[in-house]
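J.: Chain A is already provided as a structure; the job is to place chain B on it using the hints.
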Amino acid sequence: EVQVLESGGGLVQPGGSLRLSCAASGFTYRSYSMNWVRQAPGRGLEWVSLISGDASTTYYAESVKGRFTISRDSSQNTVYLQMDSLRAEDTAVYYCVKAIMVPWHKGFDYWGQGTLVTVSS
Amino acid sequence: QSALTQPPSASGSPGQSVTISCTGTSSDVGGYNSVSWYQQHPGKAPKLMIYEVTKRPSGVPDRFSGSKSGNTASLTVSGLQAEDEADYYCSSYAGSNNLVFGGGTKLTVL
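Protein sequence lines correspond, in order, to chains A and B.
Residue numbers 1 to 121, in this note's numbering, belong to the letters of the first sequence in order.
Residue numbers 1001 to 1110, in this note's numbering, belong to the letters of the second sequence in order.
In isolation and in its complexed conformation, chain A is listed as follows (with noise of 0.2 Å):
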């Protein structure tokens, strides 16, 4: 059974970082790119960042380029997003999703139950 677990959100100020977390498991990890996905409160879905399986390829929204920085770790089946510079408007719940095939943009298949990431002061 795939299983896709967050973790690491919290409270945090204006300008500060955070590290989310992100253990799956029920496939095989190094095929699948794995990606986040936000959803602020009230509002509708934005892709955030991908990683390809193999880790070799990352992609970012332009809203969170050179703030945010997404990672793997293979032997631990486990993807990392690190939030720095945070703002006011990345309040949001972050979900890890799991795209169903290559390409990664065909369409995300299991999805955690997000963290929720509050910006404030």
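FYI, nobody ran anything at the bench for these hints, they're computed from the structure.
Don't take every hint at face value.
[Claimed, not checked] The calculated label-pair distances, taken between Cβ atoms and stated as ranges, are:
1. B:Thr1019 <-> A:Gly44: 11 to 21 Å
2. B:Gly1059 <-> A:Gln13: 35 to 45 Å
3. B:Ser1067 <-> A:Gly15: 39 to 49 Å
4. B:Asn1033 <-> A:Gly8: 33 to 43 Å
5. B:Gly1079 <-> A:Ser71: 42 to 52 Å
6. B:Ser1013 <-> A:Val102: 14 to 24 Å
Just so you know, even glycine gets a beta-carbon here, dropped at the ideal spot from N, CA and C.
T.: Chain B in isolation, oriented as in the chain A frame:
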């Protein structure tokens, strides 16, 4: 403002069919066969219902179908059931390693 345009709401009675549209441009919806649809119940994570415009993941009822014409994609739910009441989001690849979502449609089963 979302990159893809969806109607804020849609509704239908049990047993009826309803179609939700997702309008983009030739740079996203019209340019790639990478449209997906997601169902989200309140307080829950989204669930993939359609990928690659028309394909259904295992376990998704065949009452859900997807299509595309030009720059507009559509999700049709046939034989509406109470449990179909949820928010629905479309997404599309937009080139240049970017993916965009629609603003979401709240489906109400009357």
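J.: Each of the hints needs a verdict: does it hold here or not?
T.: Results of checking the hints against the structure:
1. B:Thr1019 <-> A:Gly44: 11 to 21 Å: 20 Å, holds
2. B:Gly1059 <-> A:Gln13: 35 to 45 Å: 42 Å, holds
3. B:Ser1067 <-> A:Gly15: 39 to 49 Å: 46 Å, holds
4. B:Asn1033 <-> A:Gly8: 33 to 43 Å: 35 Å Cβ-Cβ, so the 33 to 43 Å window holds.
5. B:Gly1079 <-> A:Ser71: 42 to 52 Å: Holds - the Cβ-Cβ distance for Gly1079 (chain B) and Ser71 (chain A), about 45 Å, lies within 42 to 52 Å.
6. B:Ser1013 <-> A:Val102: 14 to 24 Å: At roughly 41 Å between Cβ atoms, Val102 (chain A) and Ser1013 (chain B) fall outside 14 to 24 Å, so the hint is violated.
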